[in-house]
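> First to last, the sequence lines map onto chains L and R.
Using the numbering used here, you'd call the opening residue of the first sequence number 1 and step up by one each time.
Using the numbering used here, you'd call the opening residue of the second sequence number 1001 and step up by one each time.
No lab work stands behind these hints, which were simulated from the structure alone.
The structure presented is a predicted model; accordingly, all values stated were derived computationally and were not measured.
No residue lacks a Cβ here, since even glycine has one placed at the ideal position from N, Cα and C.
It is possible that some hints are incorrect.
As the list claims (entries may be wrong) - Derived lysine-lysine pairs resembling DSS-like cross-links, with alpha carbons at most 30 Å apart:
#1 L/LYS409 x R/LYS1356
#2 R/LYS1017 x L/LYS306
#3 L/LYS446 x R/LYS1356
#4 L/LYS283 x R/LYS1017
#5 L/LYS409 x R/LYS1017
Stated by the list, open to error - Ranges between beta-carbon positions, derived for each pair:
#6 R/ASP1027 x L/PRO270: 23 to 29 Å
#7 L/GLU220 x R/TYR1026: 37 to 43 Å
#8 R/PRO1217 x L/ASP248: 35 to 41 Å
#9 R/ALA1399 x L/ASP323: 54 to 60 Å
#10 R/LYS1222 x L/ASN457: 48 to 54 Å
#11 R/ARG1125 x L/ARG281: 46 to 52 Å
#12 R/ARG1125 x L/ARG339: 52 to 58 Å
#13 R/SER1018 x L/ASP323: 34 to 40 Å
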Amino acid sequence: MLLSPLSCRDQIIAYKSTQSVSREKDPLMEVLMLGWEFPPLISGGLGVATYGMVKALRASANIRLIVPRSHPSSSLENVRIVGVDRALKEELIREGRAYDLGDLVDDLQRIPLELSSYHSIRALLEETEHPSVMHESHTVKSLTQLGSYFEGHEAYGPDIQRKVYLFSRLADLLSRNLDFKIIHAHDWVTYPAGMRIQARTGKPLVLHVHALETDRAGSEVRNGVYELEHRALRAADSIIAVSEYTRDQLKRHYGIPPHRVHVVHNGIDPRPTQRRTHPFRDKLVVFLGRVTRQKGPEFLLETAQKVVRVYPRVKFVVAGTGDAFIPLLETAAYRKLGRKFLFTGFLDRRRVDELLSMADVYFMPSVSEPFGLTALEAAQFGVPGVLSRQSGAHEVLPALTADFWDTDKYANYIYALLQYNALHDDLARRSREMASRVTWDAAAAKIAQIYRSLILN
Amino acid sequence: MTSVCFYFQVHQPWRLKSYSCFQIGYDHDYFDDAANRTVLNRVADKCYLPANRLMLELIRRHEGRFRIAYSITGTALEQMERFRPDVIASFQELAETGCVEFLAETYYHSLSFLYSREEFMRQVRAHTEKIEALFDQTPVVFRNTELIYNNELAAFLDTMGYKGVLCEGLDYALAGRSPNFVYHPPHSSTFAVLPKNYKLSDDIAFRFSDKGWQQWPLTAPKFAHWIHQIAGNGEIVNLFMDYETFGEHQWPETGIFDFLRCLPTEILHHPDFDFLTPSEVIARYPTRGEYDVHAFSSWADLERDLSAWIGNSLQHDAIERIYSLERHIKSSDSPELLETWARLLTSDHFYYMCTKYWQDGDVHKYFSHYDTPYEGYINYMNVVTDLEYLLERQMQREAQAQLQTQ
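Next comes chain L alone, as it looks inside the complex (with noise of 0.2 Å):
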């Protein structure tokens, strides 16, 4: 019989079998990861960079994600997604023989002494009576109301710490079920959650620094998130942060060497994004996110006065809510520059790209900002930014950069963003640049490198 040379068809069956060769040879990783918010239940950027990651992260993980609340349209191919509110109602009650709920039950009750370094939760519990909580029965009706407690609107609230306890015993539950051979858990929220089921199940912690207590609260605070941080940090196996400015923020506040830090700069991904033209005579400077301390409300206040002297023909637009707003507003009006903001209040995905596809500068004076996924969002639409030096958002953006008290230096950039087109145009052209290379798949990509390691370990 005559061989023939194996025809074109036949080499692609060939090179295909390798392929699937070598993708069994290299098996994903079993990774269960703790968040707190995933879309579309989303309040802030932790949702939207759990979303990225895990996204990203499917080509190298396999992805069982547990969070407190999800919704029905909460999905995402090849991962499963665990919502404590829905599995507690729809698993809990159908399997629920499966489950030891004894101690969980009997713990319950015991709250307040739990956590006895967690100062602030035994003051909230000694506050407010939460009798539905506190003692309830010993039955699998109690704990389908447990699962309600994560339904309200919102993710965090005043009782945030009851449900991050509560939260903790309830993946842990959950992820006795789960096959993983990793535990990767996303900011103080889930810690203790990441802490008890990796002191169960031996498996390594990977904690992932989105935010520090010190960023919220200031460098000075040390409470009960501050010590549950502390405590978590020392647990771990091995920690992401979001920056290098967090790195150096571990270092410094929690005393955590950098050389156990891996520095994993969130992504962001790319889209279409277009100028427009808008209806104001002046040019628009815009501060987008919660309007709290933390992100320097007084600092914009005072940079918009000095900016306002030098050029008037420009608005500061405040696109966001958030417990320093009534004072900002108050003080622009004292101040007699109500006539130089816009408070737009809350804005929706389509109404914030509307704004930053209009806006000329983008400001963010915050105090400490471990990352600043709006920075990059702007320059996806070739806004140049004028950031604070302590935030991460800097480190990859080619923006100007002050410390956050700065307010001269940063009026002086933001004038020059107006006045100077050159310089406003090839920044705007660089940042549109760069943020398409921040993508998360390079962030992906270094997250399972740190995943390698921990199991070959």
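Position chain R relative to chain L; hints supplied.
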């Protein structure tokens, strides 16, 4: 015979002080006297004075057989006169030996040849006057800022009466020929072009202390040996470099002064070798071929082009803006405004705005006092904005005065 031709560049810019938008319209004093004084003091003590002492010693020891050339910018001379007259005195002592030639250049170390021939000639004249006044010499050979060069410059200098010009020894212009000859531009067979031997020059200027370099450590006998190998295949060896190579870029601890101290003896060991200054080279050696350069070239970076000064949109914007004021500045009757404007033409200001290698952090950063090229641009533009304001006021004043006299 083969002649070694040393030329050293001496330059200091008038650095700007930190100038924010709030100063525009109020503060018309742009230059950072403290920083300029500090830098000059440092360089004077680390380089100019010790290097000058050594050059004088070598000239005396070799009884006129060691000969060198300098190009010193007007801004550097002004700063020496103001902050360190002892440095001027030491250069004057060198000038008196008769073994030192001073070259012509633009007073403000500017890119004026590219933007305004009128301003270029004004600055070259001013520089010549300064050299004549201080060193009693009239330069006959020209070196343009950062060895920026093309055929057009050579032709223009020829009409100005210069005998020759220094330039970078560009591979593409030499096209396989040796840099160790005098060349001529297309327009003339007698106007001399002296190309830098960049390999041997950079061995001293950049690689001398590089421990990763195969030839490290570089000794005077080794270097002299390389020079001697040229015997029979070249008539000149042009060693062009920043004077700060001695003591500032290469620290004394690297042995750079000891190297220099021994080098003339080693080179003169060979009876067919001597030292000449550029005008002596031109007098002795005929041109040996055409050197054809259309686009502007320079001695900077790997590109050897203008991209270090006018490579990005910020630099273009800044330099075009400052030159756009020329007509008004010159028609106004204010020597102060003219002086300030001219100081802002110094190429260093645009070099600080270079973003070429910014993200990597590199040689440009070493030479800049700004954290980022953007700072450099913003500071410069704020100053120019104020200068425009002053100019406008001056013009109004003059217009009013004219009305009154009528």
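> Each of the hints needs a verdict: does it hold here or not?
These are the hints, each one checked on the structure:
{"no.": "1", "hint": "L/LYS409 x R/LYS1356", "in the structure": "holds (25 Å)"}
{"no.": "2", "hint": "R/LYS1017 x L/LYS306", "in the structure": "holds (21 Å)"}
{"no.": "3", "hint": "L/LYS446 x R/LYS1356", "in the structure": "holds (28 Å)"}
{"no.": "4", "hint": "L/LYS283 x R/LYS1017", "in the structure": "holds (29 Å)"}
{"no.": "5", "hint": "L/LYS409 x R/LYS1017", "in the structure": "holds (15 Å)"}
{"no.": "6", "hint": "R/ASP1027 x L/PRO270: 23 to 29 Å", "in the structure": "violated (45 Å)"}
{"no.": "7", "hint": "L/GLU220 x R/TYR1026: 37 to 43 Å", "in the structure": "holds (39 Å)"}
{"no.": "8", "hint": "R/PRO1217 x L/ASP248: 35 to 41 Å", "in the structure": "holds (39 Å)"}
{"no.": "9", "hint": "R/ALA1399 x L/ASP323: 54 to 60 Å", "in the structure": "holds (58 Å)"}
{"no.": "10", "hint": "R/LYS1222 x L/ASN457: 48 to 54 Å", "in the structure": "holds (51 Å)"}
{"no.": "11", "hint": "R/ARG1125 x L/ARG281: 46 to 52 Å", "in the structure": "holds (49 Å)"}
{"no.": "12", "hint": "R/ARG1125 x L/ARG339: 52 to 58 Å", "in the structure": "holds (55 Å)"}
{"no.": "13", "hint": "R/SER1018 x L/ASP323: 34 to 40 Å", "in the structure": "holds (36 Å)"}
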